[in-house]
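Using the hints, put the two chains back together into the complex; each one sits in its own frame.
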Amino acid sequence: MSDAAVIQAIDSPATLFAVALEIETDAVERYKLLAEQMETHNNPELARIFLDLARAEGLHAEQIRRAAGDLVVEPRRGPIGAWRTESPESADLISAHYLMRPRDALLMALAGEERALAFYSGLAAAGNDALVRKLAADFAEEEREHVELCRRLLLRYLPPAAADADDPDPPLAVD
Amino acid sequence: MSATAPLACKPGDYKSQTKPIWCPGCGDYHVLMALTRALAALGLPPEQIAVISGIGCSSRIPAYTNCYGFHGVHGRSLPLAAGLKIVRPDLTVIVASGDGDGYSIGGNHFLHACRRNVDLTYLVMDNHIYGMTKGQPSPTTEPDFDTALTPGGTGVRPFNPLVVALASGANFVARAYAGNPHETANIIVEAVRHPGFSFVEILSPCVTYRPDQRAWKDRVHTAPVEATDDAGRAARRLMTDDGFNLGVLYRGDRHPFRPAVAAACGDRSELEKGFEL
Chain G
0 MSDAAVIQAI DSPATLFAVA LEIETDAVER YKLLAEQMET HNNPELARIF
50 LDLARAEGLH AEQIRRAAGD LVVEPRRGPI GAWRTESPES ADLISAHYLM
100 RPRDALLMAL AGEERALAFY SGLAAAGNDA LVRKLAADFA EEEREHVELC
150 RRLLLRYLPP AAADADDPDP PLAVD
Chain P
0 MSATAPLACK PGDYKSQTKP IWCPGCGDYH VLMALTRALA ALGLPPEQIA
50 VISGIGCSSR IPAYTNCYGF HGVHGRSLPL AAGLKIVRPD LTVIVASGDG
100 DGYSIGGNHF LHACRRNVDL TYLVMDNHIY GMTKGQPSPT TEPDFDTALT
150 PGGTGVRPFN PLVVALASGA NFVARAYAGN PHETANIIVE AVRHPGFSFV
200 EILSPCVTYR PDQRAWKDRV HTAPVEATDD AGRAARRLMT DDGFNLGVLY
250 RGDRHPFRPA VAAACGDRSE LEKGFEL
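Line by line, the protein sequences are chains G and P. Residue numbering for the first sequence follows numbering that gives the first Met the number 0, starting at 0 and increasing by one per position. Residue numbering for the second sequence follows numbering that gives the first Met the number 0, starting at 0 and increasing by one per position.
Chain P on its own, in the form it takes in the complex (with noise of 0.2 Å):
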């Protein structure tokens, strides 16, 4: 059984007043009752979260939650939430992007805050295509998406996002099914406490774009190796990876990357004085 300390907040406190407009069935649903999980678990107060984003369905996350957030600028979530934490430390950053979003537009970002190792907790939910666009291909649809906008299927090979993170440095990487709020709030628990930069690949079905992805939950299975701080085991493991293995696949031990700009940047207090009311 888990934990049944008594918490300082519940779930429903990290949401905040704004009803989402996903579409109904939509696997978001799940990451954010995940998210607000895991957060009660953690027992960090909203106002010291920062719940980044960029654009796509999955980066209306931010506006669903009590935390601080921004719903940044398309594919560039990374940067803003790697600046965030250099500079506010104290502070958790969550990251919350799409496969498009994530891997296309942002996916250069991806590559180098993987490197750069900033302690970021990053949520990438993954539903092999642009659903709030109506139904593009994005970089892990599969070659053979045939439809009216696709005939005949993209042909492309998808992009495999726990590889990327692997090979570039990610520190803890691991793999979630939306399906399974409970594992995935376990999960985001265990990505936030990991130092450094965690990327965790959340398959999160878009059963209106794509409703063959309802049967994601019966593909889905448990991992079954345990966890390796050994980066190339790891890889090896992925040479083997169905792309429905679920748990950790990856914990590492690199130190984060914490530049003192913090001081370098002088007294706070002055910058704080120019924001008040």
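Just chain G, with the same shape it has in the complex (with noise of 0.2 Å):
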């Protein structure tokens, strides 16, 4: 399913918090892995960034159990998600890289909460149900903290130097 129409899908709270902890689940899953990933090709720190996110992510998974309450809340995905494609806050695990430091991955984690602003906005908007709508929009406004939140810790990071980005040994070579 397009975000539009998982939005349209979302006719109850309980669906709404099914489909918010799919998001967190599958943003935990990611940054794991890419944690998972830098850890292996020697890169602690990127791993490191990589855990916290995903950390902070389960707390947000968290955060959606205790409030659903007495609702019974499970991710929807099972094996295989609602979104045809991937759900709004998944980090694309492709734009990764060798070469990636602190700064791609908050820009990667940016991506990924702007996607999820403008996701719970849509809701908040356009969903079917006012409780809905008004849950949506008290979602959108905490991912719109995560937004400032991931722009905050860019300015620690600035963008290298063109130079400073090459690869002085770069993989496709002749030995």
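Among these hints, one or two may not hold up.
What the hints assert, rightly or not - BS3-like, lysine-lysine: derived pairs with alpha carbons at most 30 Å apart:
#1 P/Lys216 / G/Lys31
#2 G/Lys133 / P/Lys18
#3 P/Lys272 / G/Lys31
#4 P/Lys133 / P/Lys216
#5 P/Lys9 / G/Lys31
#6 P/Lys14 / P/Lys133
#7 P/Lys133 / G/Lys31
#8 P/Lys133 / P/Lys18
Derived by calculation from the structure, the hints in this document are not laboratory data.
Okay, here's the thing in structure tokens:
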């Protein structure tokens, strides 16, 4: 499903919580995977950043569970998600790279938070149910805070100078 | 929304303790994610699945799953898998390969596996390059791939796997994109469920040797038409295929090849005794 189709399918708070949980669990899975990749490739600084991001998304997932109260909420995903392609906050794994730096990781996180913000804002504006719209507005506000946090963190990592970003030992070379 | 039924195994249960050593950003991570999701959706216990591979980056995948696995000889995963499926039809046999292993070294086996139509699911992670050996052109590399290893490009017409699979008799032909693990998982589920030889070409970017393949995410698109069971119609669709149409192209209805080999082998318990510890 596209974001628009998912928005139309969210017809109750229980469904919204389940979808929200799916978004967060998907994000956790991907950040953990990226952390593993960086650990394997001896990039502990980035591995730690991705683990921190995974932890943050995990906390958000817990918040959603708590907010759901007595509603039984499990990610709707099961094995395969509600989205035909990818859920809004999931990191684009293919944008990872062996030359990746903390700034790239934060840009990746920022893109995910912005997509989540757009999704919840869209739901808050066009949801079918009044309570769903209100909850979605709350979630959007939370995502907006995450967007701001990513932007603040990005100030710590300036873009590398062009020469600094070059690989002195590129993979495609004749030995 | 997708199924919400409780599952016997979760996707993580199909992953082994071995951590993948693919490059960061490799599309094969997504394929592993999609495969484990698909297996969970199918509800198959890991011990009833065998993942067979040849050589190459993609062929490392059996080690990263918790199923039975065999990391075989370069290009020979298909005959090995076919033999296994014929003597153990109760197993779900999934074959993993890459464009070098599957279309070049194992190209001949590909033709005959399609033709023979043993009930296998063949996942080819196509990145248009030999990644493991540092970036040589593969059968699907574009003719103008101009690098230090291929000055001026290869000048060679690329192999078209879907055309070959269809023409050779594959019973299920599909294309997926690794960057969409949900969709890829759905296609793998369908491929496993479909009887006979199911071929899934998975565009799986190699971001180390082909950073240009990051742009694939903007090029892939859902095929504008539904799958067909008419091979002629599927062939005509491939004539206008841009290489980035995603989805199931063809679902055939040929009966899978199931020789009575198991019976001819006699009592398997005698053989099993030989392997007792």
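Against the structure, the hints come out as follows:
1. P/Lys216 / G/Lys31: holds, 22 Å
2. G/Lys133 / P/Lys18: Violated, because 42 Å separates the two Cα atoms, which is more than 30 Å.
3. P/Lys272 / G/Lys31: violated, 43 Å
4. P/Lys133 / P/Lys216: holds, 23 Å
5. P/Lys9 / G/Lys31: holds, 17 Å
6. P/Lys14 / P/Lys133: holds, 27 Å
7. P/Lys133 / G/Lys31: Roughly 27 Å between the alpha carbons, so the hint for P/Lys133 and G/Lys31 holds.
8. P/Lys133 / P/Lys18: Within the cut-off at roughly 21 Å; holds.
Consistency note: the structure conflicts with the earlier hints numbered 2 and 3.
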